[in-house]
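Peer 1: Residue strings, one per chain:
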Amino acid sequence: MKYIRFIPYLILFITIQLIQLMLNVVFLPFEFNIEIFLIFLVLFGSLFDSEKIIFPIFLTGIFYDLFFSTNFVGVYSSLYIFILLFVSYANDKFTKSYFQKALIFFLSYLMYNFLNLIEYYSTFFTFNSILNFSISFLIFISLEKLINR
Amino acid sequence: MQKQNIGFIRKYIVYLLFLFLSLLIGVVDFFSNSFISNYFPNKLEINLNFTEKINFSNLEFTNSFYFKQKIVSENIRLKQEVLDLRLLEVKNQELEAKLNSFEIFISKTENLEFQFLNSNLIFINSNGEFLIQGGKSSSLETGDIVLNEDGFVVGYLGEVFNDYSILETFSSVRFSLQAMDKKENLFLLTSNGNTLTISSLGKLNSDEKVSLIYTDVSFGNIGKFPIINLAPFQQTVTGEKILVNIPISEYFTSHTNFYIPLNK
Numbered sequence: 002m003k004y005i006r007f008i009p010y011l012i013l014f015i016t017i018q019l020i021q022l023m024l025n026v027v028f029l030p031f032e033f034n035i036e037i038f039l040i041f042l043v044l045f046g047s048l049f050d051s052e053k054i055i056f057p058i059f060l061t062g063i064f065y066d067l068f069f070s071t072n073f074v075g076v077y078s079s080l081y082i083f084i085l086l087f088v089s090y091a092n093d094k095f096t097k098s099y100f101q102k103a104l105i106f107f108l109s110y111l112m113y114n115f116l117n118l119i120e121y122y123s124t125f126f127t128f129n130s131i132l133n134f135s136i137s138f139l140i141f142i143s144l145e146k147l148i149n150r
Numbered sequence: 005m006q007k008q009n010i011g012f013i014r015k016y017i018v019y020l021l022f023l024f025l026s027l028l029i030g031v032v033d034f035f036s037n038s039f040i041s042n043y044f045p046n047k048l049e050i051n052l053n054f055t056e057k058i059n060f061s062n063l064e065f066t067n068s069f070y071f072k073q074k075i076v077s078e079n080i081r082l083k084q085e086v087l088d089l090r091l092l093e094v095k096n097q098e099l100e101a102k103l104n105s106f107e108i109f110i111s112k113t114e115n116l117e118f119q120f121l122n123s124n125l126i127f128i129n130s131n132g133e134f135l136i137q138g139g140k141s142s143s144l145e146t147g148d149i150v151l152n153e154d155g156f157v158v159g160y161l162g163e164v165f166n167d168y169s170i171l172e173t174f175s176s177v178r179f180s181l182q183a184m185d186k187k188e189n190l191f192l193l194t195s196n197g198n199t200l201t202i203s204s205l206g207k208l209n210s211d212e213k214v215s216l217i218y219t220d221v222s223f224g225n226i227g228k229f230p231i232i233n234l235a236p237f238q239q240t241v242t243g244e245k246i247l248v249n250i251p252i253s254e255y256f257t258s259h260t261n262f263y264i265p266l267n268k
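Residue numbers (our numbering), protein chains in the order written: chain A, 2 to 150; chain B, 5 to 268.
So here's chain A without its partners, still in its complex pose (with noise of 0.2 Å):
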């Protein structure tokens, strides 16, 4: 019974997941994204007790490495979970003002492209990059907004 609290948790990552890999489709002639997964990780992470997904968060990331990576299985829950863990962190022990929260979700998304961080290190903070994490940003700090009121 206690675990079938995390079923819904569970359907809307794996959705979010989706809907993610179907935007990086939508995207690619504009050679841009919107990170809507990592969006939605930091803002449960900063928002609510992150302690109840972090079950189906791990359940997210063995389904994305399993069924839509060439990686090894663990390596993007293990990643999903370090966001956490840091956002998570960082929101308890730092006060909340805009730079703050912009190094937070700038760090987050350092971690979140950590693989291709490393594959694509010389060509990885391009125009795009910056213009993906802005939006990102924006995207997020809107929604904080909204669930704040």
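Quick caveat, the hints were computed from the structure, so don't treat them as lab data. Where hints are given, some of them may not hold.
As the list claims (entries may be wrong) - With a Cα cut of at most 20 Å, we get these calculated PhoX-like pairs of lysine-lysine:
#: 1; chain 1: B; residue 1: Lys207; chain 2: B; residue 2: Lys187
#: 2; chain 1: A; residue 1: Lys94; chain 2: B; residue 2: Lys15
#: 3; chain 1: B; residue 1: Lys186; chain 2: B; residue 2: Lys207
#: 4; chain 1: A; residue 1: Lys53; chain 2: B; residue 2: Lys15
#: 5; chain 1: A; residue 1: Lys146; chain 2: A; residue 2: Lys102
Given chain A's structure and the hints, the job is docking chain B onto it.
Peer 2: Frame of chain A, contents of chain B only:
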């Protein structure tokens, strides 16, 4: 205060436990030669066919004796028919586009003794890898080459699942492909994500400028499928080897048609 601290510590312990569990699974998968990564995708079948439509025709009305309800049900039937016709029109347009693509492909490729599987882009994952239609159920295997409409190689299958596969293209840093030209010179193609580097393996058999390069024996169809024409690009000769750097300008959309030769 102490209770708060305990809750605070417990939260991070749970995080660290799950982090450790993820890493442990990763390590087990690594040392078991991707046993876990391959086991579940082979057992489970995820159908990524999004063209399936919802059928409303099974809707039943308990009280069908009233005239009003007959009209309502007739209205629903007609709406469904319109919906079906619209879907049929969309399907028709898709098939027309596919037919055009096949015609272009047939007019440009010389290898008509091969059977080709037509495929499209489904997803792009966080690593920028392309997930395309067609997998083990279509007799595809890891390492199968993938062609574009012009009959040129765009990559090969890095991983094959039941219904879909992961395509390694020139823009993948893991891309590595051996090639040969008509004079049987061997080349190695590698990528850093932005630039495709083609270097000759061993001494060149001729002093002439290298032009078209083809797939070699590693894909079971020697010299059958062209990869790239090197003639327009600057070829740096160092000793008896050549080096060519080509900026990658791939442009794929969800409507891009890929062709995978089936009989090797």
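Peer 1: Which numbered hints are broken by the structure, listed smallest first?
Peer 2: Checked against the structure, no hint fails, so every one of them is satisfied.
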